[in-house]
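Asks: Spelled out, the chains give:
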Amino acid sequence: MALLEVKDLRTSFFTDAGEVKAVNGISFQLDRGKVLGIVGESGSGKSVTAYSIMQILAGTGKIVGGSVKLDGQELVGAGEKVMKTVRGNKISIIFQDPMTSLNPTYTIGHQLVEAIVLHTDRDRKQAWDRAVEMLRLVNVNEPERRMKQYPFEFSGGMRQRVMIAMALACEPDILIADEPTTALDVTIQAQILELMQQLQKELGMAIIMITHDLGVVAQLCDEVIVMYAGSICEQGTADEIFYNPKHEYTKGLMRSIPTADTAGTRLQPITGTPIDLLNMPEGCPFAPRCDAAMKICIHQRAERMEINADHAAACWMNVKQAVEDGKIIPAAKEEGGDPA
Amino acid sequence: MSEQAKTPLVEVRDLKEYFNINTGWFRTKPLKAVDGVSFSINRGETLGLVGESGCGKTTVGRTLLHLYKPTGGEIFYEGKPVKTKAQIQEFRKKATMVFQDPYSSLNPRMTVADIIGEPLDVHKLYSSRQERQDRILELMGYVGLNSEHAARYAHEFSGGQRQRIGIARALAVNPDFIVCDEPVSALDVSIQAQVINMFDELQEKLGLTYLFIAHDLLVVRHISDRIAVMYLGRMVELAPAGEIYDHPLHPYSQSLLSAVPVPDPKVARANKRIVLTGDIPSPLNAPSGCPFRTRCRYATDACAESMPEFKEVSKDHFVACHRVKEIN
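If you're matching them up, the sequences are chains A and B in order. Note that the first sequence ends on residue 376 in this note's numbering; no numbers are left out. Note that the second sequence ends on residue 637 in this note's numbering; no numbers are left out.
A portion of the hints provided could be inaccurate.
[To be verified] Computed far set for chain A versus chain B, every beta-carbon distance over 10 Å:
no.	residue
1	Asp52
2	Glu77
3	Ala94
4	Gly108
5	Phe131
6	Met183
7	Pro187
8	Ile224
9	Ala296
10	Ile306
[Unchecked claim] Only pairs whose alpha carbons sit at most 27 Å apart, straight line, appear in this in silico DSSO-like list of lysine-lysine:
no.	chain 1	residue 1	chain 2	residue 2
11	B	Lys338	A	Lys237
12	A	Lys43	A	Lys117
13	A	Lys70	B	Lys581
14	A	Lys43	A	Lys105
15	B	Lys575	A	Lys70
16	A	Lys331	A	Lys70
17	A	Lys287	B	Lys575
18	B	Lys315	B	Lys389
19	B	Lys325	B	Lys433
20	B	Lys378	B	Lys338
21	B	Lys575	A	Lys237
22	B	Lys620	B	Lys315
[As the list claims (entries may be wrong)] Residues on chain B that point at chain A, a partial pick, calculated with CB under 7 Å:
no.	residue
23	Ser347
24	Glu361
25	Ser362
26	Val482
27	Asp497
28	Val498
29	Ala502
30	Leu527
31	Pro572
32	Ala579
33	Arg582
34	Val584
35	Asp588
36	Pro590
37	Leu593
The hints are simulated quantities; they were obtained by calculation from the structure and are not laboratory data. Where is the CB? At the ideal position from N, CA and C, for every residue including glycine.
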């Protein structure tokens, strides 16, 4: 059984302007000890997915459907009491901005001890020792002295280490990392990614890595989910996604990254602007920006289709291909094809 | 190209910018944000400037345009010094800037037409209202905005479109030289590529010269002819783009380049990263001698004693490192 099973999860924000379907029916599984990457642009719903799993959505946000199962236990609708035993103990999260996720008025030690006392039955003395041990684990020098310092005395990379130490103090099964290195410099980013990789191997936890940086995904992840406008367009192993992309959006993303070979040439960007989540089209959300869009793409969403055992995508192009290859016999009423 | 190619369009010699930081009552200490940087940019060229936050790359761009008064050093434009008020005023008709944050760099109370038209007003570059309007529409066309966008306000646009407005504003005075300060780092990957292409196209069409400041090394490599690497207010390496990526000589450039996450799983798994230990030191307490020595794996006692000279080690390849010969 998968450690985490998300099925048809739907989360909406109810704003004055209307319902924003930030996460619109996504399903995935996460096995023990695996690293899953979720990539997408801003507004694609990748962070909201994480917040929905943790049920820490902001005021107007609400899970409107679907299920999240942790070790077989249903979390959606389970109530705050259950969630309190899950957050921090079984699933921990680290945020993008290490500058604002620590309280500036308390020492690092105070904040670490508070988290440990809250989630375990250790007393303050034991929690202090545990906190020192955790800081040592994340390569903070002189942890005993550092415990008595305030966040402003830490650099960005060091603060992110403290956040990781806090998240891992209760040995969670899953660590959700929401753009953990976006606010950091490249050399510090390399340090943090290296650290996460090493801790993941040592402690054997599963990681959900949320990022917009395909480089980070390539380096860290076993499996990848590509999101656009609240839905999953493609999911599969990292190798499949990078070397054999089967959704037009993923292909466009891969083409638009500058690499060693593109110097002196034009990039091939995805045209148009990101979609307005308040005015979602009835068809494929990517169709308005898609060069290969067909008539059907504008009217009807593509279903998720298995490409092979390690790879699935929701794109009509694959249906078209399958029909052409004779793998699918089209129903009496032709649906695929018809380039528009 | 003969005469023009010989004099660089922009030249900077030993540029210094110190900010005075209060360290106590009536006590200040100079923060050496930029400490003796020299480079030149030829007409039609793109010089990429990379480095981590706090290394002084943005300050170089701003001081170059006299947005900060330089503490020391000289700036030359087409071989002529830029120093007096009149020279600066004249220089600013030829050199403009695109800012990093497309949200805070546009006045929310001005329409797009007025934002783009402001440099025209300041420098009095039109004789009639019609001429102003035509010029604004022409500029909007350059960056792919429609005429119907002219009467709208900045908040009605997405990040990528706002950056286009910022670029149109920079183009308004018909400049030769643009300082681009992290113009794409606030944008999503798919939009980033659109804006990068636009910079390329405008350069071809209008013969522009760029100083392209960024921390994303993949982007810088794509757009630049030559690349300069900065660390703690100093330039540590300067070389043609391909050269610096294939044969970085300074230990800092080497680790910086190896730290870039490559969007290719097989390469990324095989990649041997040189992970630097520690953080960038505070420019208020810069280490003695070579600024990089505290994080450098090759550092010796000699590195603490004197500042390495920024010298040419092979054609067009400048490095500031005492041990460059031994370690490569």
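Asks: Which of the listed hints are broken here?
Replies: 2, 8, 9, 10, 11, 16, 19, 23, 26, 32, 36, 37
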